[in-house]
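Colleague: Please arrange chains G and Y on chain C, whose structure you already have, making use of the hints.
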Amino acid sequence: MKINGRAGKQCVSQRIRIPAMVLALLCLAAAPSMAQLAPLSSDTEACISCHRMATPGIVGEWEKSQHAKMTPAKSLQLSKMERRMSATDVAENLRNYAVGCAECHTMNTKFHPEDSFDHNGFTIHTVVSPSDCNTCHPTETDEYSDNKMSQAYACLMDNETYAVMVDNTNGLDEFNGSGFHHIKADETSNADSCLACHGTIVKVTGTQTRDTVMGPMEFPTLSNWPNAGVGRINPDNTKGSCSSCHPRHQFSIEMARKPYTCAQCHKGPDVPAYKVYSVSVHGNIQKSMDKDWDYSAVPWVVGKDFTAPTCAACHSSEIVDESGNVIAKRTHRFNDRLPWRIFGLPYAHPQPIDADTSNIINKAGLGLPTELSGEMVSEFLISPAEMAKRQQTMENVCSACHTQQWIDGHFTRLQRSIETSNFMTLQATKILSTAWEEGLAQGANPFDEPLEIKWIEQWLFYGNSVRFATAMGGADYGVFADGRWVQTRNLREMADYLKFLRATKKAQDKK
Amino acid sequence: MKINGRAGKQCVSQRIRIPAMVLALLCLAAAPSMAQLAPLSSDTEACISCHRMATPGIVGEWEKSQHAKMTPAKSLQLSKMERRMSATDVAENLRNYAVGCAECHTMNTKFHPEDSFDHNGFTIHTVVSPSDCNTCHPTETDEYSDNKMSQAYACLMDNETYAVMVDNTNGLDEFNGSGFHHIKADETSNADSCLACHGTIVKVTGTQTRDTVMGPMEFPTLSNWPNAGVGRINPDNTKGSCSSCHPRHQFSIEMARKPYTCAQCHKGPDVPAYKVYSVSVHGNIQKSMDKDWDYSAVPWVVGKDFTAPTCAACHSSEIVDESGNVIAKRTHRFNDRLPWRIFGLPYAHPQPIDADTSNIINKAGLGLPTELSGEMVSEFLISPAEMAKRQQTMENVCSACHTQQWIDGHFTRLQRSIETSNFMTLQATKILSTAWEEGLAQGANPFDEPLEIKWIEQWLFYGNSVRFATAMGGADYGVFADGRWVQTRNLREMADYLKFLRATKKAQDKK
Amino acid sequence: MKINGRAGKQCVSQRIRIPAMVLALLCLAAAPSMAQLAPLSSDTEACISCHRMATPGIVGEWEKSQHAKMTPAKSLQLSKMERRMSATDVAENLRNYAVGCAECHTMNTKFHPEDSFDHNGFTIHTVVSPSDCNTCHPTETDEYSDNKMSQAYACLMDNETYAVMVDNTNGLDEFNGSGFHHIKADETSNADSCLACHGTIVKVTGTQTRDTVMGPMEFPTLSNWPNAGVGRINPDNTKGSCSSCHPRHQFSIEMARKPYTCAQCHKGPDVPAYKVYSVSVHGNIQKSMDKDWDYSAVPWVVGKDFTAPTCAACHSSEIVDESGNVIAKRTHRFNDRLPWRIFGLPYAHPQPIDADTSNIINKAGLGLPTELSGEMVSEFLISPAEMAKRQQTMENVCSACHTQQWIDGHFTRLQRSIETSNFMTLQATKILSTAWEEGLAQGANPFDEPLEIKWIEQWLFYGNSVRFATAMGGADYGVFADGRWVQTRNLREMADYLKFLRATKKAQDKK
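Protein chains in written order, with my numbering: chain C, 1 to 511; chain G, 1 to 511; chain Y, 1 to 511.
Same shape as in the complex, but just chain C (with noise of 0.2 Å):
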């Protein structure tokens, strides 16, 4: 049998099956003190005085949380502004203890027909999903699934276009010579690359006993696991992860306002986000003055409990004033705020209409909001009033700080910005075209060969990079930094590349 090795363990039943309530009175000698929690209902109790020792870094990391200290009565005793829960009432028997274990995975049963399994003589689920969070925080689940992060899964892997970007980038290629036999993605390299950020399929595949400190236990085996993709695609058939950005067992609003939340997936090359906001002045004054702000305060006041935007100030958060008026209202549908999707594909577009992007489909045929010729594919994109209208609401964060003369500014450079990368993009796709029609790469798969590479690269690197930089105010990321320098070098080696197969073919048709 295999052990789980720590040295030391004082209550560990190994191989006999005990009663979860009788190894709860044997440990719970072992339990530290408890005070400043809320009351725990008794199952969470019973959950704790186990998990204290199976698992006592997430029941440390929980006794922090507000789950721990706040019940949803006190919560519904504050002012709505104030209030962390939208419900504005939940069940009896939730009301009046902390938010436990037991409150998250063995309540809603109903809902996980498929993951719910027996637990020491609990009923409990192990993946909690939207519908869980959503007995307390109703407005934001629906908002969440609204936003297109849910729909992360489907908008990358039921796109037929993308589904062939992701074959390519985790997929394996033989080399036979002069070319290559490819071997298509397997399911755990997906899932340990694009989907660890878009979020994987976790369904139950069947059962399986494992020791645990506390003896054999059987558990139903989940596919796909670990995630906190944001669009996990649940048991429960759910989409999203909640914890993606309120990290388990936490869950603290404090972090999810910090920008190194979002730089979990917005810190690459193709979203450089956090890497922008770290050279722009809003960043430097958030690294460098943050140790003396309130992360926490609910509601968020603007110049008091913080002076420069995070992340979520610009795109979730409520802030409001010293005197409570309220500047934004607090959204998790984040393209609220947000007119144009300055994430080209491959040019940058307007908004999507829909969170789920996977039936977008342009005239060529391909899965993209745009035409290759840099056309929008309008149909699926929303208006131009609804741009403004949602401008307008950034616009007001904005003005918390800033007079209208600086926000114009501001927008006139980012409507620039997002014209001469969307040029810079449209020519790099005339010379991928050139080469496309002179038959010196393949069209059919447009995302392996080295100049269609480059040509990827031009926008999903250069372009949103160079737009990144302007939206989000640093500009030094956009000069050198993949940005207007890069999109310039790339365009050129890309001309030479074209001289280059050129020669080849000619060369090789000689012969």
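These are computed hints drawn from the structure, not numbers from a lab.
FRET-style restraints, in silico, Cβ to Cβ:
| hint | chain 1 | residue 1 | chain 2 | residue 2 | range |
| --- | --- | --- | --- | --- | --- |
| 1 | Y | S378 | C | A163 | 35 to 45 Å |
| 2 | G | F423 | C | I183 | 44 to 54 Å |
| 3 | G | D354 | Y | G121 | 50 to 60 Å |
| 4 | G | D496 | Y | K363 | 27 to 37 Å |
Distance condition first, Cα-Cα at most 27 Å in a straight line; then the derived DSS-like pairs of lysine-lysine:
| hint | chain 1 | residue 1 | chain 2 | residue 2 |
| --- | --- | --- | --- | --- |
| 5 | C | K430 | C | K505 |
| 6 | G | K506 | Y | K510 |
| 7 | C | K499 | G | K499 |
| 8 | G | K80 | G | K64 |
Away from chain C, derived, C-beta distances all over 12 Å, residues of chain G:
| hint | residue |
| --- | --- |
| 9 | S41 |
| 10 | T88 |
| 11 | L338 |
| 12 | M387 |
Virtual Cβ for every residue (Gly too), placed ideally from N, Cα, C.
Modeller: Frame of chain C, contents of chains G and Y only:
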């Protein structure tokens, strides 16, 4: 009428123009307590009474500042070493009030003939410039005017050689089937790219009426606004923006002493100072231990207030020991402690004599402080004696923690690093010159062809990275990350590129 | 005479040699209060009396250290788990004093026959080595001597294969019109590059007289100084520098537990551990929440003192639960918890048996732990049984917060990531081998031609990045930023490069 759209505003007067004083009274009730602030002038009180609502973020931020808590009079009571202002006195009407909105935005109107305007009964100017800060901080303003950074606009844009490089980076390239048609960089793109750090030309170009939370108001139109570049050309014709490093409206010495401020412009591959610092022992100590430092102390005691240098400690700050002995005098002329300019153009060279380097020209007619052969253009550069003096000033800083042998070892390495990286730049130059001579590239514009771009990166990215890594003790950055490894790789790729160009030309000549 | 040039020094004695004790008395008046410090030995008092003035930064820093606040005797009164020293007793003359200057720099002279010298009446040595730290920390010193890091000099420089790579990186290349004349890397450049992390050879090469704030003094000349590389060869012939991770003179466990310390050497594209960590959930929690952590607690309680692992938590620290059960024992042999060495050479492989890997050689005569075909050179590598044991030790750390299914899922991915990245390295090797066979590149030096450099980057940058991203849960880094995307791109570019070399050769052969 477009309004700002904030919900819940209680004292907004729309459409109807109400005199500022009346507005002030109307709004005063909403103002939170201003305890702990120094006495405010009645003008500043009037500003705040409305701006607490109009721009609550900056009012709140300002209230956290020393400017809000101190008066010049109180500052003058401190010992000279503890004082943050260098003026020995200020005008009667400033002496006993906090340094508030009115003190900076309404005084000195005589210096602002172009950009002063009437705003609710006050004559104000938007862009606070060194001529304003000079009132209390004349030494800093003087020193800064002799710092290359204050001249950063001219240094870049008035130097014909660099101006071409700027245009190549920010302009557009239209593909025409084989080559490119270049479209000149527009002012907006320049402001959003190079000039974001170097500074734009801000001047009044007209007036405009804007809707505000207080109703429609008339404002001057500012060109290239916003900008906080170090060499901004202000409407009053002064150069520089103190808020580049002391961001509005907290103007905190703490922020200027933290490396994140410098990182706003000094993190990219051209000047990777922050990246190098972050892998140095100094950077590690700073990041790991600075929660126990006092970044606000004046004077700044080494070993007590901080235990490893930040950018400011080595290049700008006044540093003393616990007994008050001055180890380094404060300077806002940052090359006071720098013998070499390790930022290669294209070779590392002694610091230029003048802060404005736009007149530098080499024998070949290029605006460079070195010849392409590596020779120095000595007439524009400081003498060996001056270099030795600056070296000694820097060594004094090192000696606060290091022995002379340690220091000598360090600078021996820097000397060698300058030699070797200059040598590797020279080899790249030889390859490019060969291409120019053989007609494989066109030197007329030395910045736009792939081989030329690789040459530029040889010194601008890799040579600089190697030297910064040595100079700031972040050796790891100088190996693989844009360092010696890439310096070698790029050079060898250039040689292969030359072969490719030769082969292509031969094939073309045959036709 | 060159003097240090500090203004305001009051007790500097120049040119005139004054006995240390007299100097001490002279300087004592200037010494700030030393409350809260443990009793100082009279020797340390003498050191400090002058060095508070000569090097105030390090004296101040040391005063913040545990060494200054504790005595060995007080430490020995703590429970074994709370103790930071592993010696069960120390010499009488050390027991009741702070661990000060004299305790580390003047004791153990018998171990320092080469580098001891007379300094104001004391026999001291500059370079404190593991033989000194061993006095109080013998377990740590022992473990570390069996850690690859302590052998990092030999591992790199005494392995002929890697030595060529070092020389290629740090040496110079002189362009001769078509190819290059290579100039061997000099000692100074090596010390400033690879050996900054790996460690230099520091030995006494003579003596020199230097001017100090105390007047001229004689010191031994140290080669390759300064250096704090992990495998430094010290003048006393010991290997390693404890201050690599416990930087002078605070020697803080807090710093060693923070990831910024490891980042000094593990942030570049070859070992992007810190970059991966910074986009992992662990790294996010650490950066977002660690203001509430206690990094100095001994023992370190998971869930209480910290809520997500840092580098140290997984690889080195003693971790306990709140009841004092040990989850992981402290180790300074960092591969105790590592079955695989994911740092590919060129393929990921089981950890080497010996810390000194300089004797490893494969069938082809290369100093690599794998064949170019991907086969393991098993005789130098740990057995599957040993791998399983180390895996279990690491899993114990994971199990503090994660279930076994979570852990299994994680390690399944790591296994697959090793397989796929090794596969992609193999394909790159096939391309390079083809080039070697066809005479298009010269394998004699496998590190200096562009195609070879691309091959090296395939495993050193991209293979490593993919594996580190998986191993440390920072998936985003493993996609676009030097990850799978670039792994594929580089492979395909290598195939095109092969075509280019073939075409160039054919053209040349025709002539």
